[in-house]
Amino acid sequence: MRQPPREQPPREQQRPREQAPREQQRPREQQQPRRRPQQGQQPPQQPRQQPTGGQPAQQARRQPTRQQRRPQQPSGRNYGSSTVLGPPSMDETQIVPTRTADQWARQPTRKVEAPDPPSGPIPGAPLEQQPGAPRTANERRAAARREAALAAAASATKRRAERRGGMLQAAGTSIAKAGGSMAIATLVSRLTGFLQKVLLAAALGIGALNDGFNAANNLPNMLLEFVLGGVLTSVAVPVMVRARKEDPDGGEAYTQRLLTMSIAVLGAATIVCVIAAPLLIKLTVSSGPSSDVARVLAYLLLPEIFFYGLSALFNAILNARDVFGPTAWSSVANNIVAIATLAIYMAMPGKPSLDPASISDPKLLVLGVGTTLGIVVQAFVVVPSLRRSKFRFRWRWGLDSRLSEFGKLALWSIAYVGISQVAVIVLSRVSTTGSPGGLTIYNLSWLLVQLPYAVIGFSLLTAILPRMSRAAADGDTMGVLGDLSFATRMTTVMLGPISAVMTVLGPQVGLAMFSLGQSDPSQAARLGLALTTSAFCLLPYTITMVQMRVFYAMKDSRTPTLIMAIMVLVKIPLFLLCLLLDSDHLIYGVTFVNAFGFVIGAVVGQVWLRRRLGDLDSKPVLITMGKTLFATIWGAAAALLIVKLFHNFGSALSVAWPTLIIGAIVGLAVTLGGMWVLRVAELTPAINRIVRLVKR
Numbered sequence: 003m004r005q006p007p008r009e010q011p012p013r014e015q016q017r018p019r020e021q022a023p024r025e026q027q028r029p030r031e032q033q034q035p036r037r038r039p040q041q042g043q044q045p046p047q048q049p050r051q052q053p054t055g056g057q058p059a060q061q062a063r064r065q066p067t068r069q070q071r072r073p074q075q076p077s078g079r080n081y082g083s084s085t086v087l088g089p090p091s092m093d094e095t096q097i098v099p100t101r102t103a104d105q106w107a108r109q110p111t112r113k114v115e116a117p118d119p120p121s122g123p124i125p126g127a128p129l130e131q132q133p134g135a136p137r138t139a140n141e142r143r144a145a146a147r148r149e150a151a152l153a154a155a156a157s158a159t160k161r162r163a164e165r166r167g168g169m170l171q172a173a174g175t176s177i178a179k180a181g182g183s184m185a186i187a188t189l190v191s192r193l194t195g196f197l198q199k200v201l202l203a204a205a206l207g208i209g210a211l212n213d214g215f216n217a218a219n220n221l222p223n224m225l226l227e228f229v230l231g232g233v234l235t236s237v238a239v240p241v242m243v244r245a246r247k248e249d250p251d252g253g254e255a256y257t258q259r260l261l262t263m264s265i266a267v268l269g270a271a272t273i274v275c276v277i278a279a280p281l282l283i284k285l286t287v288s289s290g291p292s293s294d295v296a297r298v299l300a301y302l303l304l305p306e307i308f309f310y311g312l313s314a315l316f317n318a319i320l321n322a323r324d325v326f327g328p329t330a331w332s333s334v335a336n337n338i339v340a341i342a343t344l345a346i347y348m349a350m351p352g353k354p355s356l357d358p359a360s361i362s363d364p365k366l367l368v369l370g371v372g373t374t375l376g377i378v379v380q381a382f383v384v385v386p387s388l389r390r391s392k393f394r395f396r397w398r399w400g401l402d403s404r405l406s407e408f409g410k411l412a413l414w415s416i417a418y419v420g421i422s423q424v425a426v427i428v429l430s431r432v433s434t435t436g437s438p439g440g441l442t443i444y445n446l447s448w449l450l451v452q453l454p455y456a457v458i459g460f461s462l463l464t465a466i467l468p469r470m471s472r473a474a475a476d477g478d479t480m481g482v483l484g485d486l487s488f489a490t491r492m493t494t495v496m497l498g499p500i501s502a503v504m505t506v507l508g509p510q511v512g513l514a515m516f517s518l519g520q521s522d523p524s525q526a527a528r529l530g531l532a533l534t535t536s537a538f539c540l541l542p543y544t545i546t547m548v549q550m551r552v553f554y555a556m557k558d559s560r561t562p563t564l565i566m567a568i569m570v571l572v573k574i575p576l577f578l579l580c581l582l583l584d585s586d587h588l589i590y591g592v593t594f595v596n597a598f599g600f601v602i603g604a605v606v607g608q609v610w611l612r613r614r615l616g617d618l619d620s621k622p623v624l625i626t627m628g629k630t631l632f633a634t635i636w637g638a639a640a641a642l643l644i645v646k647l648f649h650n651f652g653s654a655l656s657v658a659w660p661t662l663i664i665g666a667i668v669g670l671a672v673t674l675g676g677m678w679v680l681r682v683a684e685l686t687p688a689i690n691r692i693v694r695l696v697k698r
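With my numbering applied, the sequence shown corresponds to residues 3 to 698, in that order.
In case anyone wonders, no lab produced these hints; they're calculated from the structure. One or more of the hints may lead you astray.
[As the list claims (entries may be wrong)] In silico SDA-like pairs for lysine to any residue, Cα to Cα no more than 25 angstroms straight-line: (1) 392 to 262; (2) 199 to 534; (3) 284 to 575; (4) 557 to 423.
[As the list claims (entries may be wrong)] Ranges between beta-carbon positions, derived for each pair: (5) 395 to 342: 26 to 32 angstroms; (6) 382 to 284: 18 to 24 angstroms; (7) 250 to 571: 46 to 52 angstroms; (8) 252 to 285: 42 to 48 angstroms; (9) 391 to 579: 51 to 57 angstroms; (10) 579 to 643: 50 to 56 angstroms; (11) 481 to 345: 36 to 42 angstroms; (12) 395 to 469: 33 to 39 angstroms; (13) 642 to 186: 33 to 39 angstroms; (14) 247 to 364: 41 to 47 angstroms; (15) 426 to 186: 52 to 58 angstroms; (16) 350 to 392: 21 to 27 angstroms; (17) 564 to 186: 55 to 61 angstroms; (18) 223 to 364: 23 to 29 angstroms.
Where a beta carbon is used, it is the ideal one built from N, C-alpha and C, also for glycine.
Start from the sequences and build out the full structure, keeping to the hints where you can.
Put into structure tokens, the structure is as follows:
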């Protein structure tokens with residue numbers, strides 16, 4: 003059925019039809035109908051017309067443009083002598099007369115923009131329809147093989163990630179358990195060590211005998227630091243960890259070589275030190291009753307150098323193999339043996355002879371041999387753990403070339419140890435110059451000052467140091483500063499009130515804990531006053547340790563050595579000035595100077611960090627310190643009021659324990675209440691950390 007013609011617009015709106023040249027016009031019956039070309043064929047070409055006499059060539063033959071050269075794909079049906087032609091958008095129902103090729107060339111062509119090809123894979127489309135997909139069968143098979151290989155690799159990677167995630171989770175759980183075990187072991191070690199010192203004071207008293215024992219017992223630790231301590235901690239252990247990761251045998255050969263070399267060095271050093279015992283005692287102890295006892299005990303205690311070194315090496319090997327529990331409990335075993343030795347000593351009748359002292363004296367022999375036996379147990383109690391870690395020792399001589407890479411670091415570490423030990427030697431000589439018991443009073447007062455740091459501050463630094471080291475390794479200065487600020491504020495809140503209470507209640511601490519057995523109450527009172535003159539350094543000491551951790555996290559061992567050198571240069575002249583004091587008050591000057599040295603260290607470390615890292619953002623720290631100081635003053639005043647109140651109920655010795663307990667509770671409660679009123683932001687996390695530590 004023929005469609006009716008479309009309604010034509012008015013004549014004035016009709017576009018005039020372009021006519022072909024007269025010579026190209028032919029009657030309709032002579033025109034050939036335009037046929038639709040088959041797929042793959044080119045449309046029929048019209049014969050070119052030669053230009054005539056006066057006709058320009060441009061009119062006789064028009065060159066199509068580049069876009070017009072494309073073959074037309076007309077669509078339509080043949081209706082007798084008429085064909086439905088036109089662009090793709092034209093309605094097929096429109097019937098127009100057939101046009102010549104020249105007319106189509108002059109027809110303005112609509113430009114159709116091709117859509118952009120997809121930039122990525124088409125979801126849901128098969129492989130052959132994807133952009134850039136292979137077309138031939140071989141290409142498709144190769145692409146399918148590649149895709150299968152990629153899928154298999156992705157699956158294997160996922161399985162490895164899942165296994166690694168499980169391993170990391172298990173390792174994290176193991177480390178968490180080990181960390182909890184180490185925290186408990188550290189706390190038990192501190193408590194048993196403190197109990198051993200209390201029993202030592204009760205067994206030997208606070209006098210010349212205890213001074214001689216402390217002087218002789220300090221020598222092995224001092225000499226070990228000179229011989230092996232700095233090198234072991236700064237060079238041998240880092241290389242051991244590196245060899246554990248890099249060597250094909252897991253660092254077994256390196257560890258055997260290190261242990262062989264260390265045993266040889268430690269054995270030779272121990273023999274030399276035992277032979278030179280009188281000279282070493284003369285260097286560290288002033289002449290007097292304590293020097294003779296120290297010389298006799300030195301022959302029995304200096305062999306500890308060898309076993310101290312072995313203990314440090316065994317612990318380092320286990321730590322490099324991620325075994326931490328036995329190393330933390332080994333010092334507890336040493337304290338138990340020492341406590342048993344003191345119990346045997348106290349059970350033996352009589353008193354040791356001091357003038358002259360003899361190595362054949364039974365009580366001195368038990369004291370010296372039993373103390374050394376504790377270090378032997380500390381060293382070898384971890385041997386079963388070494389065997390379980392699959393480490394087998396055999397003699398292997400030679401020096402590993404990798405040790406030379408850490409030469410500069412070892413040099414600064416040895417210098418740090420040497421400088422600090424020079425101050426210890428001067429302190430020991432000055433302390434033994436005054437009244438008997440001076441060195442013992444210094445050791446016990448310093449032990450009491452360090453006890454809160456060992457229980458609370460050390461656990462905080464242990465938690466902060468890994469995060470600080472990661473921030474320093476990533477170059478995250480703001481992260482390092484944030485950890486430094488957080489650690490300083492937390493230690494201020496946790497240790498500041500304890501420092502104030504210890505300063506006020508120092509005499510009560512001395513009388514309550516160190517007036518037992520052979521200890522004279524007057525010497526215990528001197529110990530309490532020495533604690534009062536030195537307890538103020540608890541916070542500066544902890545801040546100095548935090549600053550040292552910052553430098554070590556940035557792999558800088560030079561700056562801590564220089565800070566220690568400045569502290570020693572300040573303390574040594576002041577120690578010598580203490581000789582101007584009378585013999586009874588000399589020890590108070592020694593303890594004050596030692597505490598003041600850490601104030602200098604904290605100030606110098608703060609200035610050095612500011613030069614190194616820029617603005618430290620100290621405003622939050624100063625605000626926290628100011629609020630804590632204000633609250634601490636009120637807490638110390640409340641504790642002092644309790645002391646004055648109990649003073650009316652009896653002698654200082656009889657009311658020492660009630661005064662100590664009630665005064666500490668009231669003083670700390672008032673301090674915490676004041677910080678709560680002043681809204682110290684760090685109070686809540688500090689209390690939570692202490693509660694978690696108590697729960698462990």
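Against the structure, the hints come out as follows:
1. 392 to 262: holds, 18 angstroms
2. 199 to 534: holds, 19 angstroms
3. 284 to 575: holds, 21 angstroms
4. 557 to 423: The hint holds at about 23 angstroms.
5. 395 to 342: 26 to 32 angstroms: holds, 29 angstroms
6. 382 to 284: 18 to 24 angstroms: Violated, since residue 382 and residue 284 (Cβ atoms, about 33 angstroms apart) do not stay within the stated range.
7. 250 to 571: 46 to 52 angstroms: 49 angstroms Cβ-Cβ, so the 46 to 52 angstroms window holds.
8. 252 to 285: 42 to 48 angstroms: holds, 44 angstroms
9. 391 to 579: 51 to 57 angstroms: Check passed, 52 angstroms falls within 51 to 57 angstroms.
10. 579 to 643: 50 to 56 angstroms: Violated - the Cβ-Cβ distance for residue 579 and residue 643, about 35 angstroms, lies outside 50 to 56 angstroms.
11. 481 to 345: 36 to 42 angstroms: violated, 51 angstroms
12. 395 to 469: 33 to 39 angstroms: holds, 36 angstroms
13. 642 to 186: 33 to 39 angstroms: For residue 186 against residue 642, whose Cβ atoms are near 35 angstroms apart, the range 33 to 39 angstroms holds.
14. 247 to 364: 41 to 47 angstroms: violated, 52 angstroms
15. 426 to 186: 52 to 58 angstroms: violated, 31 angstroms
16. 350 to 392: 21 to 27 angstroms: violated, 45 angstroms
17. 564 to 186: 55 to 61 angstroms: Given about 37 angstroms between the Cβ atoms, the range is violated.
18. 223 to 364: 23 to 29 angstroms: holds, 26 angstroms
Of the numbered hints listed earlier, those contradicted by the structure are 6, 10, 11, 14, 15, 16 and 17.
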